[in-house]
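Chains A and B are the protein sequences, given in the same order.
Note that this note's numbering has the first sequence beginning at 1, numbered continuously upward.
Note that this note's numbering has the second sequence beginning at 1, numbered continuously upward.
Don't take each hint at face value.
[To be verified] Mimicking EDC-like on lysine to aspartate or glutamate, the simulated pairs with C-alpha atoms at most 20 angstroms apart in a straight line are:
#  : chain 1 : residue 1 : chain 2 : residue 2
1  : A       : K314      : B       : D84
2  : B       : K70       : B       : D84
3  : A       : K69       : A       : D22
4  : B       : K100      : B       : E20
5  : A       : K554      : A       : E516
6  : A       : K384      : A       : E502
7  : A       : K314      : B       : D18
8  : A       : K135      : B       : E20
9  : A       : K135      : B       : E67
10 : A       : K554      : A       : E537
11 : A       : K314      : B       : E67
12 : B       : K70       : B       : E9
13 : B       : K70       : A       : D319
[What the hints assert, rightly or not] Partial pick of chain A residues on the chain B-facing surface, computed with a CB cut under 7 angstroms:
#  : residue
14 : R17
15 : A251
16 : S310
17 : N313
It should be emphasised that the hints constitute simulated quantities derived from the structure, not laboratory data.
A virtual CB, placed ideally from N, CA and C, is assigned to each residue, including glycine.
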Amino acid sequence: MSEDRMTGAQILMQALRDQDVDVIFGYPGGAVLPIYDALFAQNAIRHILVRHEQGAVHAAEGYARSTGKVGCVLVTSGPGATNAVTGLTDALMDSIPIVCIAGQVPTHLIGNDAFQECDTTGITRPCTKHNYLVKEVDRLARTVHEAFYVARNGRPGPVVIDLPKDVQFAEGTYVAPEDVVHRTYRPTVSAEPTALERAMEIIAGAKRPIFYTGGGVINAGPAASEALRQLVRLTGYPCTNTLMGLGAFPANDPQFLGMLGMHGTYEANLAMYNCDVMINIGARFDDRVTGKLSEFSPNSTKIQVDIDPSSINKNVRVDLAIVADAGQALAEMVRIWQARGYRADRPALDAWWGQIKQWRARDCLYFNQDKTPGAVIKPQHAIKRLAELTADRENVYITTEVGQHQMWAAQFVPFNQPNRWMTSGGLGTMGYGLPAAMGVQVAHPDALVIDIAGEASIMMNIQELSTLAQYRLPVKVFITNNHWMGMVRQWQELLHGERYSESYMDSLPDFVKLAESFGAVGLRATKVEEVDDTIAEMMAIDRTVIVDMHVDPKENCFPMIPGGAAHYDMILGPDDRGEQRTSEEGMVLV
Amino acid sequence: MSPQDPSTERHTIAVLVDNEPGVLARVIGLFSGRGYNIESLTVAEVDPENRRSRITLATSGTRMIIEQIKAQLSRLVPIHVVSDLTDDGPSVERELALIKVATADNRENRIESLRIADIFRARVVDSTPDSFVFEVTGASGKIDAFIGLMRPLGLADLSRTGVAAMARGRTGLLDGS
Ligand SMILES: Cc1ncc(C[n+]2csc(CCOP(=O)(O)OP(=O)(O)O)c2C)c(N)n1
Ligand SMILES: [Mg+2]
Numbered sequence: 001m002s003e004d005r006m007t008g009a010q011i012l013m014q015a016l017r018d019q020d021v022d023v024i025f026g027y028p029g030g031a032v033l034p035i036y037d038a039l040f041a042q043n044a045i046r047h048i049l050v051r052h053e054q055g056a057v058h059a060a061e062g063y064a065r066s067t068g069k070v071g072c073v074l075v076t077s078g079p080g081a082t083n084a085v086t087g088l089t090d091a092l093m094d095s096i097p098i099v100c101i102a103g104q105v106p107t108h109l110i111g112n113d114a115f116q117e118c119d120t121t122g123i124t125r126p127c128t129k130h131n132y133l134v135k136e137v138d139r140l141a142r143t144v145h146e147a148f149y150v151a152r153n154g155r156p157g158p159v160v161i162d163l164p165k166d167v168q169f170a171e172g173t174y175v176a177p178e179d180v181v182h183r184t185y186r187p188t189v190s191a192e193p194t195a196l197e198r199a200m201e202i203i204a205g206a207k208r209p210i211f212y213t214g215g216g217v218i219n220a221g222p223a224a225s226e227a228l229r230q231l232v233r234l235t236g237y238p239c240t241n242t243l244m245g246l247g248a249f250p251a252n253d254p255q256f257l258g259m260l261g262m263h264g265t266y267e268a269n270l271a272m273y274n275c276d277v278m279i280n281i282g283a284r285f286d287d288r289v290t291g292k293l294s295e296f297s298p299n300s301t302k303i304q305v306d307i308d309p310s311s312i313n314k315n316v317r318v319d320l321a322i323v324a325d326a327g328q329a330l331a332e333m334v335r336i337w338q339a340r341g342y343r344a345d346r347p348a349l350d351a352w353w354g355q356i357k358q359w360r361a362r363d364c365l366y367f368n369q370d371k372t373p374g375a376v377i378k379p380q381h382a383i384k385r386l387a388e389l390t391a392d393r394e395n396v397y398i399t400t401e402v403g404q405h406q407m408w409a410a411q412f413v414p415f416n417q418p419n420r421w422m423t424s425g426g427l428g429t430m431g432y433g434l435p436a437a438m439g440v441q442v443a444h445p446d447a448l449v450i451d452i453a454g455e456a457s458i459m460m461n462i463q464e465l466s467t468l469a470q471y472r473l474p475v476k477v478f479i480t481n482n483h484w485m486g487m488v489r490q491w492q493e494l495l496h497g498e499r500y501s502e503s504y505m506d507s508l509p510d511f512v513k514l515a516e517s518f519g520a521v522g523l524r525a526t527k528v529e530e531v532d533d534t535i536a537e538m539m540a541i542d543r544t545v546i547v548d549m550h551v552d553p554k555e556n557c558f559p560m561i562p563g564g565a566a567h568y569d570m571i572l573g574p575d576d577r578g579e580q581r582t583s584e585e586g587m588v589l590v
Numbered sequence: 001m002s003p004q005d006p007s008t009e010r011h012t013i014a015v016l017v018d019n020e021p022g023v024l025a026r027v028i029g030l031f032s033g034r035g036y037n038i039e040s041l042t043v044a045e046v047d048p049e050n051r052r053s054r055i056t057l058a059t060s061g062t063r064m065i066i067e068q069i070k071a072q073l074s075r076l077v078p079i080h081v082v083s084d085l086t087d088d089g090p091s092v093e094r095e096l097a098l099i100k101v102a103t104a105d106n107r108e109n110r111i112e113s114l115r116i117a118d119i120f121r122a123r124v125v126d127s128t129p130d131s132f133v134f135e136v137t138g139a140s141g142k143i144d145a146f147i148g149l150m151r152p153l154g155l156a157d158l159s160r161t162g163v164a165a166m167a168r169g170r171t172g173l174l175d176g177s
C-alpha cells in the first residue's frame, strides 16, 4: 500500500478522528469486521461495547445532548441496523445529532437477500435526517464529513452511512474535512433583520406576554440559553419551557412558570391560553403542548423563531415567522431591546403577573405525603427528595424512561442549566433512560448521572447494566416502582372505565438481586422514612446503583389535560374529575 | 380532505435535485409519510454535467399544507431549489399523452377520431386497420378534453407523462443555483 492509500476502514477512522469523535458506541458483526480491525489498531477513539444496538443509539444521544457534540454509533448489517431504528427515530424526533455507521453486505451481493442483508437506506430513510450508501471507497471520506455536517447543522438529526464490506477493504485516498463543501445543504441561521425588529416592536407592546421556548434553544448551545435568560430578565416577562426545553431558562428564577403542556403547570397553560403575545423560540407546537388546536391560545399574536421552516405554520398559524438559529436570534433580540430603549408596559405587566400569581396559588403540583413512619411513599415525594438532596452537587445529569415518573421528574426536578436533562420527548421511547445515562456518564465520568425510571421501562434495555459494569460507569438507576405501567394505568382509570387491561407488571425481578448479579449495588425503600437515607446511600456509593423505591401504585400524574381538551380544561388532582371531559374525538388521540 | 374542499388549491412545484440514488424515494416518501397527495410527477436529468434532475409535481391541499410541502421539500438534503410555479408568477405547463383508440371495423368512429385529433393537433403515431395511437401535447385540461372525446370512440389505452412546467420569462431554476 502506498503512503496516501488507505483502506476504507482506515479512511473511516481517520475521518472520525478529524470530526472530533472520541467515543463510539457500537456492536460488532460480520459486515463491520474490517472497521473493528481498524479500531483495534488505534487509540484515539474509544469504543463502548453496548449490549443491544438500540442502547448504542440512545447512549450516543445521551452523549450528544450532554456535550453538544455529535454522537457516533457503529453497528453491523441486517439485525444490527434494524435494532438501531428505534434509536434513530428517537433522535430524529428530538433533533439529536447522531452519525450511525452501519455495515452492509459487499456491493455485489446487495439486493440478493444475502445473509444479514437488509435495505438499510430504505428502512432508515424516513427515520433519519439523511442517509448514504457508499459504494466507492473514494467517496467515503467526503461522505463521512458531509454526514457530520448534516447531522450538526440546521435542525440537528441522525444520519446513517451504510458501508458495504468490500468498500471497507478497498484502497482509496483520504480527503480532509476542509476540502469538503456541501453542495446543497445550507440552512438559514441568521434572521432577516427587519423581521426581528418587527418582533421586538410587538414584544415591547405586549400586555400579557409569554415566552414559550423549546429544545431548539438547548440545541443552539449554552450561549442561546444565556441570551434567553438575558432577554426574559430584561423584559420581565414570564417564561415557560417545553419538556425538551427544560434547563434553557433557570427553574429557580421567579419568572419561570414551569413546564407547559399535557402535564404542565396550571399557571403555564393558563398563561398560554390567556396571553396576548406568545414568543415561541425553538419549539414546535407539539400536540402534547397545544391540546385542542381550535382552542389553543385564541387571542394571541404569535411569533415563532425556528431554524426549521417546516416547523413553522405546521399545525398552528403564527403571525410572525422567523427562520433562524435560536442563539443568534436571541442575541439580536437582546441587542434590539436595549438599542431601542424598549420598556415593558409596567401597569399591564403588573396586572398580568397578578393574574399569574393567582394561578400559581392553586399549587397545582401539590401532593399529599403522609409522613408517619411506615406510610407508603408517594412517587412525587421520592423524586422531589432526590432533587433536593442532589441540589448542591455540582454536576448532576438526569435521564428518564417514559411514563408517569418521567412527567414527575419534569415537574419536580428543577433544571437551572441546559444540557442536564435528557428525556425521550417526541417518540416517548421506554428504554431510553438507562442507555442515555450511560452515554452521559461516558462523556462526564465524574458527574452524578441518574436515570429516573419506571419498573416497566427499565426492563426494556436492562441488558445495558452489563455495559455499565464493564466500563465501571457509576450510573444511578432510580426506579419509582409502582408495579404498574403507571401512565397506561392512569389513562385506563381516567379514560377507559377503570378497565386495567394488561397494564399490571407481574413477575417483576427482584431489582436488588438483579443489580447484584450485574456487579452493581441494589437498594430498596418501601416506607416514607427510608427515602432520604436511601438516596444518601445511593449518592455515597461510587458504583452503579439500582434503587428500587416502592411507591404508591395508585398515584396519578396531575395536572393533566386529557387528550383533545383545551388548556383551561385541566384535571388538577384526584378530586377534580366531576365531569366527563374527554370527548369521543379526544379519546382517539394518544 | 376532499379535492372539492373549497380551501384546497392545486399547485405545481418544480424541484431541482442531485441525481443520486434514493432522491426520488425521499421525495415520494415525504408525501406518503405525511399523507399528502401527488397528482402528477415527472422526473428526468436536466443538467448532466452537474448530475442534477428536475422533478415537477402537482399536488393539492390547503394553503397550510402546500406551505408545509414546500418547507419539507426544502429540508431534504440533496435538494437545490424548490419553486412553486403556481405562486411565483405565470408559468407554462405541458403534458404529453399517448392515446390508443380501438375502432374495430366501425368506419365512422375511425373518421371521427381522426377529425377530433386534427382539431387537437394530435399526431397519429401508430395505425392498424382497427386502431390508432395518437400523440397529443398540451395543458392537462386539453388532454382531459381530448380523452373525453375519444372515450366513446373506443378508448383502449392511455399513457400520460404528467406535467412538465416552467416559469415564463427569463429566469429559471438552472441558473443561480
Ligand atoms: C417502547 C414503548 N412501548 C410502549 C409505550 C407506551 N407506554 C407509555 S408509558 C408506559 C408505561 C410505563 O411504565 P413504567 O415504566 O413503569 O412507568 P410509570 O408510568 O409507572 O412511571 C407505556 C407502556 C412506550 N412509551 N414505549
Ligand atoms: Mg411503573
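Cross-check of the supplied hints:
Annotation: proposed proximity of K314 (chain A) to D84 (chain B) holds, straight-line Cα distance about 18 angstroms (limit 20 angstroms). About 8 angstroms separates the Cα atoms of K70 (chain B) and D84 (chain B), which keeps this hinted pair within 20 angstroms; it holds. For the hint linking K69 (chain A) to D22 (chain A), the alpha-carbon distance of about 10 angstroms falls within 20 angstroms, and the restraint holds. The hinted pair formed by K100 (chain B) and E20 (chain B) fails the criterion: a straight-line CA distance of about 35 angstroms is larger than 20 angstroms.
For the suggested pair K554 (chain A) and E516 (chain A), the alpha carbons sit about 29 angstroms apart, so the restraint of at most 20 angstroms is broken. For the given pair, K384 (chain A) sits about 29 angstroms from E502 (chain A) by alpha-carbon distance, which is inconsistent with the 20 angstroms threshold. For the hint linking K314 (chain A) to D18 (chain B), the alpha-carbon distance of about 27 angstroms lies beyond 20 angstroms, and the restraint is violated. Proposed proximity of K135 (chain A) and E20 (chain B) is supported: the alpha carbons are some 12 angstroms apart, at most 20 angstroms.
Between K135 (chain A) and E67 (chain B) the CA atoms are separated by roughly 36 angstroms; this puts the pair beyond 20 angstroms, and the hint is violated. Pair hint K554 (chain A) plus E537 (chain A) does not hold up; C-alpha atoms about 27 angstroms apart against a cutoff of 20 angstroms. Between the alpha carbons of K314 (chain A) and E67 (chain B) the distance comes to roughly 8 angstroms, so the proposed pair stays at or under 20 angstroms and holds. The hinted pair formed by K70 (chain B) and E9 (chain B) meets the criterion: a straight-line CA distance of about 14 angstroms does not exceed 20 angstroms.
For the given pair, K70 (chain B) sits about 19 angstroms from D319 (chain A) by alpha-carbon distance, which is consistent with the 20 angstroms threshold. For R17 (chain A), the shortest C-beta to C-beta distance to chain B is roughly 24 angstroms, which exceeds 7 angstroms, and the interface hint is violated. Hint status for A251 (chain A): violated, given a least beta-carbon distance of 33 angstroms to chain B, over 7 angstroms. Hint status for S310 (chain A): holds, given a least beta-carbon distance of 4 angstroms to chain B, under 7 angstroms.
Interface restraint check: N313 (chain A) against chain B, minimum CB-CB distance 6 angstroms, threshold 7 angstroms, status holds.
Against the hints set out earlier in the document, violations occur for numbers 4, 5, 6, 7, 9, 10, 14 and 15.
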